[in-house]
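S.K.: One-letter residues, chain by chain:
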Amino acid sequence: MSVIVYIETQDQEIKKSSLEVASYGRAIADAQETSLVAVTFGLENGSALKQYGVDTIINVPTEGEQYFNADRYSSTLAKIADNEGAKLLIISSSANGRYLGPIVATKFQSTYFSNVIGLPLSYDPLTVKRSCFTNKAFNQSTSQKARVVISLSSNSFGIIEKDGKGDLKTAEYAASTCDLRVESVEKSSNKVSIADAEIVISGGRGLKGPENWHLIEDLATVLGAATACSKPVSDMGWRPHSEHVGQTGKPVASNLYIAIGVSGAIQHLAGINSSKVKVVINNDPEAPFFKAADYGIVGDAFEVVPELISKLKVLKGA
Amino acid sequence: MTHRHFFINFVQNNLFMKILVCISTVPDTTSKINFVNQNQAFDTQGVTFIINPNDEFGLTRAIWFQQKEGADVTVVTVGDSSCEPILRKCLAIGADRAIRIDATPMDGFYVASQLSELAKKETYDLIITGRESIDYNGGMVGGILATFLGLPYLANCNGLEKDGTTFNLEREMDGGKELLKASFPIVIGAQKGLVEEKDLIIPNMRGIMQARQKPLEVVPAVNLEAGSSIESFEKPPAKGPVKLIDSSNIDGLIDLLQNEAKVL
Chain A
1 MSVIVYIETQ
11 DQEIKKSSLE
21 VASYGRAIAD
31 AQETSLVAVT
41 FGLENGSALK
51 QYGVDTIINV
61 PTEGEQYFNA
71 DRYSSTLAKI
81 ADNEGAKLLI
91 ISSSANGRYL
101 GPIVATKFQS
111 TYFSNVIGLP
121 LSYDPLTVKR
131 SCFTNKAFNQ
141 STSQKARVVI
151 SLSSNSFGII
161 EKDGKGDLKT
171 AEYAASTCDL
181 RVESVEKSSN
191 KVSIADAEIV
201 ISGGRGLKGP
211 ENWHLIEDLA
221 TVLGAATACS
231 KPVSDMGWRP
241 HSEHVGQTGK
251 PVASNLYIAI
261 GVSGAIQHLA
271 GINSSKVKVV
281 INNDPEAPFF
291 KAADYGIVGD
301 AFEVVPELIS
311 KLKVLKGA
Chain B
319 MTHRHFFINF
329 VQNNLFMKIL
339 VCISTVPDTT
349 SKINFVNQNQ
359 AFDTQGVTFI
369 INPNDEFGLT
379 RAIWFQQKEG
389 ADVTVVTVGD
399 SSCEPILRKC
409 LAIGADRAIR
419 IDATPMDGFY
429 VASQLSELAK
439 KETYDLIITG
449 RESIDYNGGM
459 VGGILATFLG
469 LPYLANCNGL
479 EKDGTTFNLE
489 REMDGGKELL
499 KASFPIVIGA
509 QKGLVEEKDL
519 IIPNMRGIMQ
529 ARQKPLEVVP
539 AVNLEAGSSI
549 ESFEKPPAKG
559 PVKLIDSSNI
569 DGLIDLLQNE
579 AKVL
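Residue numbers (our numbering), protein chains in the order written: chain A, 1 to 318; chain B, 319 to 582.
Among the hints, erroneous ones may be present.
Listed below are several chain B residues computed to face chain A (Cβ distance under 10 Å; list not exhaustive) [stated by the list, open to error]: (1) Thr347; (2) Gly397; (3) Gly456; (4) Gly461; (5) Phe466; (6) Tyr471; (7) Lys480; (8) Asp492; (9) Gly494; (10) Met523; (11) Asp564; (12) Asn577; (13) Ala579.
Derived by calculation from the structure, the hints in this document are not laboratory data. This one's a predicted model, so the numbers in the text were calculated from it and none came from an experiment. Yeah, the Cβ is synthetic: ideal placement off N, Cα and C, and Gly gets one too.
All chains, please: the whole structure from these sequences, using the hints.
M.R.: Shown next as structure tokens:
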């Protein structure tokens, strides 16, 4: 009854959120005195997972199929979990993880728990803590079924190195059960995606226009951060929709979120609540963001941000 | 005749697309979140309920198909009679009929199971759910429903066009977007982008009057088990006040982020 983790990769690299999933899976496997099995799709060399506590790394060759396929991945994972006699399957909370979650949970005849924070509070029955009301509250949920699929909130557990056995295996790629085909993928020009970023720099209307976005981009470059924006900014077409964070946009769970010229509407704050440290730079001391932030500077972004960039460049030796 | 053959006949005979939009009733974004009964239940006192925003983007897209090409739009929710004003609002926005499955929604699995039992009885070309509800944020009803029905599911769907008997779809993913094709029928998890906020329909008086005449059917729930139960709720500890740093003291901010918050 090993614990199964689904490991996501991009261009043959294991995603950081999946290293967190492996670390979390290891901790559960230890608590249950069992082994940890990782499943990868089309990954040529998954041996790096050994140092995150994985005992068996099962790669599924995807027959040249290059895109994520929720249908085939979920069938494959459910079959492997079944073969291993597993009760727990753990996935990340990336867009693909959250897409896969309910489908694989149904195929695995299990309960699906999304937004899980921390290790289970009990194993029999399985009880977990989950965030809800866009991170304004938590609940404790108990599964009625023995089998559970857990989607782990990003940055809620951390990455822990630990030696596993690291045996390598392969498994068969399950056949397609429905007709939904990816024609193409358009990657955004951003170097770091909001979902994977440890630091997110976000700009609002206070920046006055898209021509001033170099301030956000330069600060993001120095910090290796992703760029984001408020809803009005994307509605006005200053920035693409894919950068809009908030209730109806993308959720952010970064370690550091720096909001520049963002007033902090409740819908915006709902999307960034689970970021650990929030900094606001705004010339309006009454901006609601100051109530939600940990650190704040009341000042003109056009003066504060360039100075911040130059000082960080010195600090980072760039 | 199999489901699929039936759908293809439907479209080839130039009959209209049938759309089912699954609606969830959620507290307004600005609601105070509190709990009662020893933190076992959400405190609904003074809370205004709205159509889940992601569902509303989906509904608005469905109404677009109705107005452009005569699609037939049914809305459905799982809930008690307190959900009916929200269904009436959907009718005022333009849905042709509403169905309320008379049950207390226990969890996402339970809701998806009830919806699946209902959807099996009809032949829908397109089933729309929101990518997630803004209260429990489970993001599971669409995926479970589709899998129960043996249909494909597309999460985070922010583009949907019809091309004969196929759909051209778009999915927002981390760091880009995916363009896909699917034949009828499909289940999608709707989100912003499917329509824009400015496209949302505010019901006018005529719509509200017409909504009163439109059918709102109440159907009994199927006897099913929930997959999980919520034991208790809690709120995060109150956040301390913001630490203000003078705008001339950028070094001070960097120092705090490095040494106190340890995030640089």
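S.K.: Hint by hint, say whether it matches the structure.
M.R.: A quick look at each hint next to the structure:
1. Thr347: holds (6 Å)
2. Gly397: The hint is violated - glycine 397/B has no Cβ within 10 Å of chain A, the shortest such distance being about 18 Å.
3. Gly456: holds (5 Å)
4. Gly461: Constraint on glycine 461/B satisfied, holds at 3 Å.
5. Phe466: holds (7 Å)
6. Tyr471: holds (6 Å)
7. Lys480: violated (15 Å)
8. Asp492: holds (4 Å)
9. Gly494: Glycine 494/B check passes; min Cβ-Cβ to chain A is 4 Å, inside 10 Å.
10. Met523: violated (28 Å)
11. Asp564: Interface hint status for aspartate 564/B: holds (8 Å vs cutoff 10 Å).
12. Asn577: violated (12 Å)
13. Ala579: holds (5 Å)
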